[in-house]
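Once you've looked at the hints, dock chains G, L, V and S against the given chain A.
Residue numbers (our numbering), protein chains in the order written: chain A, 1 to 355; chain G, 1 to 355; chain L, 1 to 355; chain V, 1 to 355; chain S, 1 to 355.
Any given hint could turn out to be false.
Pairs involving identical chains hold if they fit within one copy or between any two copies, as the list cannot separate such chains.
[Claimed, not checked] Simulated pairs of lysine-lysine, DSSO-like, Cα-Cα distance not exceeding 27 Å:
no., residue 1, residue 2
1, LYS44, LYS168
2, LYS167, LYS77
3, LYS353, LYS241
4, LYS198, LYS209
5, LYS352, LYS167
6, LYS122, LYS198
Hints are computed from structural coordinates only; laboratory data are not their basis.
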Amino acid sequence: MFSEVRKRSRKAGQPPGTLTYTGRKNITPTVTVLSYNEHDFKEKNGAHLEECLLAQIPNATTTWINLEGLRDIELLKKLADLYHLHPLTVEDILNVGQRPKIEEFDHYIFVTLKVLFWNGKKKSFSINQLSLILGENFVLTFCEEPSILFDGIRERIRSGPNLGLQKKSTDYLTYRIIDTIVDNYFVVLEGLGDQIEKIEDLIVANPVKQTAKSLYRLKRQMLVLRKATWPTRDIVNHFFKLEGKIISTYTHVYFRDVYDHIAQAIDTIEMFRDMLSNMLDIYLSSLTNRMNEIIKVLTIFATIFMPITFIASIYGMNFHNMPELQWKWGYPMVLMGMVFVVILMIIYFRIKKWW
Amino acid sequence: MFSEVRKRSRKAGQPPGTLTYTGRKNITPTVTVLSYNEHDFKEKNGAHLEECLLAQIPNATTTWINLEGLRDIELLKKLADLYHLHPLTVEDILNVGQRPKIEEFDHYIFVTLKVLFWNGKKKSFSINQLSLILGENFVLTFCEEPSILFDGIRERIRSGPNLGLQKKSTDYLTYRIIDTIVDNYFVVLEGLGDQIEKIEDLIVANPVKQTAKSLYRLKRQMLVLRKATWPTRDIVNHFFKLEGKIISTYTHVYFRDVYDHIAQAIDTIEMFRDMLSNMLDIYLSSLTNRMNEIIKVLTIFATIFMPITFIASIYGMNFHNMPELQWKWGYPMVLMGMVFVVILMIIYFRIKKWW
Amino acid sequence: MFSEVRKRSRKAGQPPGTLTYTGRKNITPTVTVLSYNEHDFKEKNGAHLEECLLAQIPNATTTWINLEGLRDIELLKKLADLYHLHPLTVEDILNVGQRPKIEEFDHYIFVTLKVLFWNGKKKSFSINQLSLILGENFVLTFCEEPSILFDGIRERIRSGPNLGLQKKSTDYLTYRIIDTIVDNYFVVLEGLGDQIEKIEDLIVANPVKQTAKSLYRLKRQMLVLRKATWPTRDIVNHFFKLEGKIISTYTHVYFRDVYDHIAQAIDTIEMFRDMLSNMLDIYLSSLTNRMNEIIKVLTIFATIFMPITFIASIYGMNFHNMPELQWKWGYPMVLMGMVFVVILMIIYFRIKKWW
Amino acid sequence: MFSEVRKRSRKAGQPPGTLTYTGRKNITPTVTVLSYNEHDFKEKNGAHLEECLLAQIPNATTTWINLEGLRDIELLKKLADLYHLHPLTVEDILNVGQRPKIEEFDHYIFVTLKVLFWNGKKKSFSINQLSLILGENFVLTFCEEPSILFDGIRERIRSGPNLGLQKKSTDYLTYRIIDTIVDNYFVVLEGLGDQIEKIEDLIVANPVKQTAKSLYRLKRQMLVLRKATWPTRDIVNHFFKLEGKIISTYTHVYFRDVYDHIAQAIDTIEMFRDMLSNMLDIYLSSLTNRMNEIIKVLTIFATIFMPITFIASIYGMNFHNMPELQWKWGYPMVLMGMVFVVILMIIYFRIKKWW
Amino acid sequence: MFSEVRKRSRKAGQPPGTLTYTGRKNITPTVTVLSYNEHDFKEKNGAHLEECLLAQIPNATTTWINLEGLRDIELLKKLADLYHLHPLTVEDILNVGQRPKIEEFDHYIFVTLKVLFWNGKKKSFSINQLSLILGENFVLTFCEEPSILFDGIRERIRSGPNLGLQKKSTDYLTYRIIDTIVDNYFVVLEGLGDQIEKIEDLIVANPVKQTAKSLYRLKRQMLVLRKATWPTRDIVNHFFKLEGKIISTYTHVYFRDVYDHIAQAIDTIEMFRDMLSNMLDIYLSSLTNRMNEIIKVLTIFATIFMPITFIASIYGMNFHNMPELQWKWGYPMVLMGMVFVVILMIIYFRIKKWW
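One chain only, chain A, in its complex shape:
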């Protein structure tokens, strides 16, 4: 979260057009080119752009170029020249601390999205930026890190014209990519939901310090999730309105579907946030309740032992003239007096319902 601000801050003071990559730099860039039309497809995977571009088939309706790892700015520049990308677009691709956004340019649409990966071991998610450029007959995607998220889509393209993607155009491929990303949000939400459910059971029964920590951690993650999802909804909504331009009527229905999914994800995030707030309230009340119990024990002990200890100390005084001390039944009578006081106190606590 803070790292995103830092990534962004690095850009401050630089003139626009300066290309600086603000993300992780230890990943070797890989290019994947997938070119297909209704009847045919070709695929090439490697480190050299030029080599991979040879994989294009002549009458391709769609060429999908995917770049994983963005540290090679030269490679990106070549691609930008090839597809006539605006300098700001190239800058935004490299600046991975972006807010999700959609921008229409003359001959393409530029989209920036956040990809979330659930880490089952750490019980948290990592966040990555994906930039997507949708043109008439090409789709370019740029990811910070390699991921297996889009393997399903590629598999479908490879599997031939009857099964799916190949007949449809670039807008449908874009839909599939965005849908995959949004669907993956639910995996993250499930992971977080599991954790919330676990804390929920503990919160009233046995509030411990650790609970507050977990609650805070989850609330923090919700904030990051929220920051990633809300703008995504606007992006999908924007696509929705582009029907007729670059989005065909056929694909329009599918974008409506993605919109519903992202709306559901946002609903769930807001509900989780509300639940976490409720849980914190209950946690606080449980803490106070616990304190009440502890203090009750203290008070019960003090109010029982103080009077009887006082009585004992009375008869521990060394006055010469204390007639009770000589009485034969003095000692048992005092003991009985003490028992009486104890019984009285117990009755008092019963009435106050402290016991």
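Only chains G, L, V and S this time, still in chain A's reference frame:
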């Protein structure tokens, strides 16, 4: 609640068009076909779609096919082919972790709603998804579980043309189905309201740990209710705007009425939420109040017994040269001194209004 | 509040058109017919509709029929037939758990409002539903209970053409009725404001358990008030937009005035709500402050008496070899030592500003 | 604040058109007439309207009549007849518990505003209503109390045509009056800001009961301020939209400026509100912190003296057979044991970082 | 923050058109004139306006006049006459307690922005006002203090036509200035983020009084930041809508980019605010948790030592007839009894999980 997220998460990674049923699988699907026009009606109930479809009358203005239990995907596919449903519609019917939504297609309107059932024993409600498809002369409904909710509507159709539904078209039947669902929300709200009222009486008088638990449980249920009702309002509002297309002027007035009902349900939910928040605040103040009382008792006891026990321990010292010990009235004087201290303390507490 | 939900819930499961009265049933219905034009007026009051209707004058510009007590469904049906009311309107009149709303029908406007009565003894208000139907030359009003609220309006009509209402048409009468209801909200607000002012003085000075209860009660009443007033604003705003149709330019200015009044009522409710929230916060801080004071007293006593009691108990030990015990000034020295400890503690508390 | 509700409530039940003055009645009404055009001006000040009206110059572009003190309803009626004011306008002028509002009538615009005066001694502000009527060539203002607020404007008119107001028309005078009122809000905000700043310094360092009281008082004043300023923004915005009608293009720019000022005032109020909320939170945490400190002292004393007092009381027992008592070094050994216990406890507290 | 209100308040009561500088007065004004077109540029820096203006080149497409230090009102007036600025504009430039705003005049656009400077030592930021006037072929900027913020832009102009700014017109220069200011917000956000991150680690582990102070300070800074950034977004959005008028299509894309940046800054501020609120909640719960621990220690000690001290004081009584005292094993038996009591208590605490 969490189960809904899980249902949704199961879909992640699957290509669109994959038909997976995410709900309960132990319910045997049953088809009910009701076909009627102004003069006549026919009804058939069974496990086989083809058999039931024979029950249609020739000039039916409305054919209502109701499917309860959705695990038989083949059956659903047949129905989808018959009525030319979009693949996404079929997917959404099977994916019962949907957000309530309305979608217009070329020749039908697709609606997804949440049906709530109040469980008087558990003092909570269960949630089910109902999908509805409204066409020119057909209405299809798909429920996760069988329910008696729509028995009233069926009875009305059976009872003949004079009494009601038969004269009117598919839009009126749709209105009746949605109205029944929304009306049922008030049964759930009454159940929750009863519980809130019960806690309300206890909250100031006698705050116990259990109260926090109940409050939390109710707040949680309100969140689920809210997630189900808010989108429903948008759905009814959408129907509202369809006047002239598939909704006749006659039925339009009725949809306005449903809109008022759902608005009232939402108002009530928001009021309940506010009340529960207020109750939690009062509960917290009651806890602190209670602690004040307990500590007051402790302080009163301590401040009374500490000084007099101290006096007693003074005269318990073994100094050889303590003249008071030899005094004839030493012992009674010390006792009186103690009484004096106690009276002083009591006066002090009276002034502080602790007693 | 809960009773409203219950009233509404009773309707669930019934087909539309079923006429069930959900309100109080022990009130005998009374009909009041007031018929007037610029020059003349006639009035009739009784239990029988037909009889009262005879009171109409031939060229009446306005006929105002007021029905108090709604248990006689037959009477209502007759009236509905006479003025061609939509079945849903009749249903809504009988269902007194409605949300305030306005509905335009072909030849009339249907309005449902909440009438609030301040009960000075109980220090709370009761809530009643008023339904109003505004037609070309008639105004119908339906109240759950008889009230003196509209006596002023009737008096004005009776007092002749020069003084007021008679010259103007049905829309002006409607304005007068709504204005009277909204004006009455301020009586309720004044009553609640008085109570808030009373608590305000106590809240910091002397927080008692009762305060929390009163705060909760007032917050709850604010919620009900809010639920009644917010939709009323929309209703008046709707009237506002009807200028030219059923609302004359003359009356339009008056509806603008009512709009300002209801806006002011809502402003005041929101301010009261904010004040009550602030008061609860202050109350909580006062409780903690009070606890601090109590614990301070306890701590001061304990930290003073514990050390000196310890010293006394030292010299209460029975060791044979305790040289101090034989010293001539042992006893006074020990006493002085105790005084010294006490002074030390007092200085400590002074520095800590506890005393 | 409550007085405003009461003022308003007095009107309830009265028919519209009843003229009742709801404000302070001990102020003698004074009329000030200022009539001017580009070349000339005349001024008259007195108790009689007719006399003052003689002061008008023949070709006056602007006549400004200012009435301070509103108890003379007859005087007001005369003025209303002279300028053909709507009965509702006259009613609203007298009803000083109004919400700020703007209303367009056929030949004039009616504005109601709140004038705030900062009282440096009481450290709070008083609130007054100002009604303004803007016509083609006249401006009427009605104030509850006399004030020196508009002396600057009058001075400027008197000072001749070159210096300012005289060349411009009624709309510019209206702008000047509203601008003066809005500017004065900042004087109130400065006064409140000074108080907030003072509390801010104390809140963490030394939270006292008085702080809560001051916070509550300031929060309450913010609510009143808010209620006065928010509608004022809408009023200025409305003026803004009247360009071309009664507001000239020349003056339009100036109203835009007032709009910015009122927006800034609202921003500041909202920020102050947020700050006060933050301060209350910090105050609460400081209270708890303080309690922690007090209890820590208590616990330290108790846990040190309880064990050693116990040891002393062991050797205060009167058993015949207690060998330690006869030991020569028994007494010093026990004392050393006590010192050891104390050191142990101190180490324990050091580890716990309580000391 | 308060100083801004004070700056503003100084203006109250003054007629419009009065020129008063409300900012810091110890800064000597400096004028910088930069005049350039596609092929050439000239620059002049000094205290005298006339001298600097000579630096303009004949066919300059853009003349940028930057004034740092505003106490010389005469200098400003000259500039205003030269460029025909509206009196209100000049007033607003001098009144540095303005709200960020944009105003369109006939031949120029007037913008007021807040420039934030992060002070790494004080760990806080200072706030300055920048006024900008954008005309056909001139850009005027007015700053309270000199800063190095725009050195980068100047450097770019000087570096010749191929590298950047010179080819483009005044709108692009305006974009560059606003972009630089907005980019600098991220430097401030990074500084604040670092501080939030530091507190975050401490908040659960070891809550100290200082934490509350830091939290309050950060929350306060967020409020100032918010007040500066929200209106800035509206300003950039306004520029956005001016496409075709004074903003060329070329620059339009760049303003869209600035809009995204300011939106991201606002998102981050809101997230920081939420985080700080969460942290305060957790801090409060940590305080209560800590109190629980302290009281637990007190209770454990008291409940262990009270009973055994009582037993000891029993046998310290001086009754003649106490048979136990003569028993040979009396003393060890009592000691063992005490050990038994202690063990019992420890078991009790183990069950309660206090230990």
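Quiz item: Of the hints stated earlier, which fail here?
Solution: 3, 5
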